[in-house]
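**Student:** One-letter residues, chain by chain:
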Amino acid sequence: MPELACTPGQTVGPFFHCALAHPGDNQLVGDAQAGAIRLHGTVYDGAGDAVPDALVELWQTGPDGNIAQHAGSLRRDGKTFTGWGRCATDAAGRYSFSTLTPGAPAAGRAAFFAMVVFARGLLNRVFTRAYLPDSDLAADRLLSALDAARRRTLICDAEKGGYRFDIHLQGANETVFLAYRGDPE
Amino acid sequence: MKAAPESARAVSQREITVQIARIAADHHGKEGTQPRLNYPPYRSSQLRHPRSPFVCVDPDELECWAPCFGRRDVDPLDADLTAGHPGQPIGERIIVTGRLRDATGRPVAGQLVEIWQANAAGRYNHQQDQHPAPIDPNFTGVGRCLTEPDGTYRFLTIKPGPYPWRNHQNAWRPAHIHFSVFGTAFTQRLVTQMYFPGDPLFGLDPIYQSIVDPIARQRLIATYDHDLTEPEYATGYRWDIVLAGSRPTWTETNGDHA
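Protein chains in written order, with my numbering: chain A, 1 to 185; chain B, 1001 to 1258.
Careful, some of the hints might be misleading.
What the hints assert, rightly or not - Restraint ranges, calculated between C-beta atoms of paired labels, are given here:
no., chain 1, residue 1, chain 2, residue 2, range
1, A, Asp31, B, Pro1134, 49 to 59 Å
2, B, Tyr1233, A, Ala92, 38 to 48 Å
3, A, Lys160, B, Tyr1233, 52 to 62 Å
4, B, Ala1109, A, Arg181, 45 to 55 Å
5, B, Ala1109, A, Glu3, 11 to 21 Å
6, A, Asn173, B, Cys1056, 16 to 26 Å
Source of the hints: derived by calculation from the structure; they are not laboratory data. Quick reminder that beta carbons are idealized off the backbone N, C-alpha and C, glycines included.
Starting from the given sequences, assemble the full structure and let the hints guide the process.
**Tutor:** Right, dumping it as structure tokens:
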């Protein structure tokens, strides 16, 4: 089948909040729900400064490893787990999600949060993965292919009540960003 | 070492235009269908682009699926940016429509499209926008819709104005509408900007020019379509969107995706 030429991306710019931020968009579950955890972090630029105008989107499996296909991420009903959320960074560059711990897709596989990051100054979105440190990381093909320093940027820090995952767009601790096989450069 | 604040040094349009031309000459004839993340003429890209190459992976099963949106997320009125206020917005009323497809030509149906834009005077409804142009009390500049079974999206809005920004001295963005689009796979996520034909600012704009392949960047320009124009009401623009790749054909390990 002939391939159609893809539409190029462009920066999200500084003025996306009215359109892309929704009340409760970062609350995949309520804080009080059984099993609720907090996934949070800070987005940094190459000078080590926080990025206050970034947008982080999260896509994940449920605790059972299944992939939700339920509507309602923009207007949550308080009980349906949609597996998706979005959070604009605050003035200190921080994002935070209230969610459930993702399950691995199968025994012996690693569990991770899939993430995509947008920002003013970032001309196209970048994809990454935030792996759970207590998951089965040894067999993961992506992690195995990276040296220790790079690999570390993809693994969350476990902390009380959840995980921390900082995102460095550039610099010594630059996060590993992904290209999916078959996609255009 | 800290970089100087962006406002500290006023770079001229001439300097920016020279940089744009130099990068274009360096990449003449090479592939470059996506924006360059490291694009010095867009000054705020300098500390915000990854320096290491992307690591190529096979998408995991999770990444082969996309979040699902539905009628509970989107009100049909959300596609009319001229509505929802006491009066009519000022400006040139336009219809913007097109089809969302994947690279194999398959329509992406029932998926979320979100847009935002400046008003006719080039001012965003955003507290950070300091452009001294009037705010239109009848225009918020935000819309969303779900694509039809054939991938069609459609918005009624007003034509945005160009606006100044502080990338360099006398910097102006060509008029554009921001689009946020989901595909059938997480890997297809796209945020981009749609432009209007014949804009005199194209050659001067580092964001548009960051896509160094001229054929590729023209894919961001809508086409005026007189068949879409409604008599005595609104002019019509068509802009089709193609997302990278497609979801692999699904097999028996489908599991619980109900």
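**Student:** The structure should be examined with respect to each hint, and the outcome stated for every one.
**Tutor:** The hints, checked one at a time:
no., hint, verdict
1, A:Asp31 with B:Pro1134: 49 to 59 Å, "violated, 41 Å"
2, B:Tyr1233 with A:Ala92: 38 to 48 Å, "holds, 47 Å"
3, A:Lys160 with B:Tyr1233: 52 to 62 Å, "holds, 59 Å"
4, B:Ala1109 with A:Arg181: 45 to 55 Å, "violated, 25 Å"
5, B:Ala1109 with A:Glu3: 11 to 21 Å, "holds, 20 Å"
6, A:Asn173 with B:Cys1056: 16 to 26 Å, "holds, 21 Å"
Consistency note: the structure conflicts with the earlier hints numbered 1, 4.
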